[in-house]
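Input sequences plus hints: build the corresponding full structure.
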Amino acid sequence: MAPLDLSSIAGSISWYLIFLLIGVAFGAVLEMSGFGDSRKLAAQFFLKDMTVLKVMFTAIIVAAVLISASSALGLLDMSKVWVNPTYLLPGVAGGLIMGVGFIIGGFCPGTSLVAASTLKLDGVAFVGGVGLGTLLFSETAGLLGDARHATDMGRFTLDELFHIPLGVTVLLLVALALIMFYGAELAERYFGRGEKIDRKALLPSRKPYIAAAAAVLGISIVFAFIGQPSSIDRWESIARASGVSLQHRDPYIHPAEVVEWRQDISVYTRIIDVRSEGDFNNFHLAGAMHVSLSSLANKEFVKALKNVPDNTLTFVVSNTEEYATAAWKALVGGGLKNAYIIEGGINKWLSLYPPDLCIAKPLSSRAPGKEEMAFIFEQSVGENCYASHPEALYKERPIECDTKQQREHRAHEGAQTVRSVPFDENQKFSFTRKVKMQKKKKTGGGCG
Amino acid sequence: MTNPREARAYINPYLGGTLLGVVLFGAFYITGNGIGASGAINRIMVAILELFAPQHVDRVGYLAQMGGGTSFSLESTGVAMLLGTLLGGFVSGMVNRRVKVELRKGPQISPAMRIGAALLGGLIMGYGARLARGCTSGQALSGGAVLSVGSFAFMFSIFIGAYALAYFFRKLWN
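Sequences listed follow chains H and F, in order. Note that the numbering used here has the first sequence beginning at 1, numbered continuously upward. Note that the numbering used here has the second sequence beginning at 1, numbered continuously upward.
None of these hints come from the bench; they were simulated from the model. You may find that some hints are simply not true.
Calculated lysine-lysine pairs in the DSBU-like style (CA-CA distance at most 35 Å, straight line) [as the list claims (entries may be wrong)]:
#1 H:K299 / H:K348
#2 H:K436 / H:K337
#3 H:K80 / H:K306
#4 H:K40 / F:K100
#5 H:K200 / F:K171
#6 F:K171 / H:K48
#7 F:K171 / H:K40
#8 H:K436 / H:K370
#9 H:K207 / H:K48
#10 H:K196 / H:K207
#11 H:K48 / F:K100
#12 H:K299 / H:K370
#13 H:K361 / H:K428
#14 H:K434 / H:K370
#15 F:K171 / H:K196
#16 H:K306 / H:K436
#17 H:K436 / H:K80
#18 H:K428 / H:K306
Structure follows, in structure tokens:
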């Protein structure tokens, strides 16, 4: 699935060649559209020649429709597509400054390259100016200090801003662009060619334009309806692409391996617990994060859970595996890396690291129901229990139930009677290690 | 014009825009990134600076990010793209007979003024582009295609800035 994984050829000649060829296509199309001519570019700002607006916005809506369409069809993974982080204030300030530069110089960096390539002297001068301008910025960036990073909103897209689906956002953008084109055509007529605008001129008349506009609008309506893939859909294509199989139990990790990872200080191990609040309060792993299963239906919440350092290892847990697996699918579908499920859930965890009998007794009268805890907790211990943090490497497992009565009992009978099972410090569980930490692929921006 | 080797006409802007949109889409599809220009120009400047004052490059944070220490600033996909842009522009210019040493300027100003304005405009643009973390190709087009809020805000700012000052600089062009 696109974007293509080019990591195998990263840094090689073929990799640079790809970017070179993209540049060739870019430069050629700009030149063909007349962007090598500063007079044509500047005429935009006197409403005489609206080529810049037409080309730019046509390019944006065509690309946006193609991107959202291929994402809707499962051909492109949007989460892997680079979206420039939004730094609102620097972006607006820089934009206003660039507007001034545009009207004075008659180019923007990309178009000046095209002009320079066709030996336009003003283009060459402009490129030189851009070079100096970037140097000026580099030298003075320190003066700006933190202001450069003000209003960092991260990856923030229009659909997220207005809380509407991606397909609908693209549709509205297309409609807006078509309206702007209509205005641009009228502006060119009036300001550019000095023609009078009568009633007849207000009606769109050029058939190819009407047909093209209808086609783009139609396509975006179709894809607004088809919608973007849900987390579950995404999970399925991600799983297929990465070869993860639930049937082969790939993401299910033995509790003892989880305990090992909790001891590894180079990795931040995170536990996401999707059980009920009651169960969570009764017992949970030390440091576990309680997340309700229903909240994972919210895309923005899932996105927030993705916002963790690259060395974060996430284990999803429920009482058995059912809820955890559903939650895991939502997280992986949302793009979370290095996520696994604790095999057997809390019930298996407690069977391997059993709490003292005074805290919890195994459910013996019947089998536990669906996603029911297999231990009855006499007290709600939360994470204040040995089983919450077996990684603590006690030399001798602490006795947790230490009432006066039990102390007396122990003195007579011996420590083992308060335990549900005899504790063996050397007990090693046999399991196969499965977790492989994936490094995040470094994606850069389009500029710099 | 009676020149038999006349330049060909420019293509229809909507067609040009569509082609550009396809190129943009292709870039995202193949590489996951869009296109850009100002970053590469910045890197070339750093490379030039490296020849004269490498210690300076190491010491100024913004420069060091691109070319400090042992890293080679020209070794970047952006620079490859810039070279391609120059090549593509040139090839199209040749095919369309538009490669010509000339100066495009408004009728009311001298060539020297035009060169000066181009230098000044470029200087302002270069500064603004680094502040905004991209230029129209990188921020506006690529960011717009993926619906980045910052890119649209940036785009409108450019248009506002230019339109607001157009009246004052009308003599440069008309």
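How the hints compare with the structure:
1. For the hint linking K299 of chain H to K348 of chain H, the alpha-carbon distance of about 31 Å falls within 35 Å, and the restraint holds.
2. The straight-line distance between the Cα atoms of K436 of chain H and K337 of chain H is roughly 11 Å, inside the 35 Å bound, and the hint therefore holds.
3. Of the supplied pair hints, the one linking K80 of chain H and K306 of chain H holds, its CA atoms being roughly 13 Å apart against a limit of 35 Å.
4. Only pairs whose Cα atoms come within 35 Å are accepted, and K40 of chain H paired with K100 of chain F is accepted, the gap being roughly 16 Å.
5. Distance restraint check for K200 of chain H and K171 of chain F: the Cα-Cα separation of roughly 34 Å lies within the 35 Å cut-off, and the hinted pair is therefore satisfied.
6. Distance check on the hinted pair: K171 of chain F and K48 of chain H sit about 15 Å apart at the alpha-carbon level, within 35 Å; holds.
7. Restraint check: the Cα-Cα separation between K171 of chain F and K40 of chain H comes to about 15 Å, which is no more than 35 Å; the hinted pair holds.
8. A C-alpha spacing of about 30 Å is found between K436 of chain H and K370 of chain H, which places the hinted pair at or below 35 Å, so the restraint holds.
9. Between K207 of chain H and K48 of chain H the CA atoms are separated by roughly 23 Å; this keeps the pair inside 35 Å, and the hint holds.
10. Proposed proximity of K196 of chain H and K207 of chain H is supported: the alpha carbons are some 21 Å apart, at most 35 Å.
11. The straight-line distance between the Cα atoms of K48 of chain H and K100 of chain F is roughly 25 Å, inside the 35 Å bound, and the hint therefore holds.
12. Proposed proximity of K299 of chain H and K370 of chain H is supported: the alpha carbons are some 27 Å apart, at most 35 Å.
13. The straight-line distance between the Cα atoms of K361 of chain H and K428 of chain H is roughly 23 Å, inside the 35 Å bound, and the hint therefore holds.
14. For the proposed pair K434 of chain H and K370 of chain H, the alpha carbon gap of about 27 Å is at most 35 Å, so the pair holds.
15. The straight-line distance between the Cα atoms of K171 of chain F and K196 of chain H is roughly 25 Å, inside the 35 Å bound, and the hint therefore holds.
16. The suggested pairing of K306 of chain H with K436 of chain H holds, with an alpha-carbon distance near 18 Å, which does not exceed 35 Å.
17. The hinted pair formed by K436 of chain H and K80 of chain H meets the criterion: a straight-line CA distance of about 20 Å does not exceed 35 Å.
18. For the hint linking K428 of chain H to K306 of chain H, the alpha-carbon distance of about 33 Å falls within 35 Å, and the restraint holds.
In terms of the numbered hints stated before, the structure departs from none.
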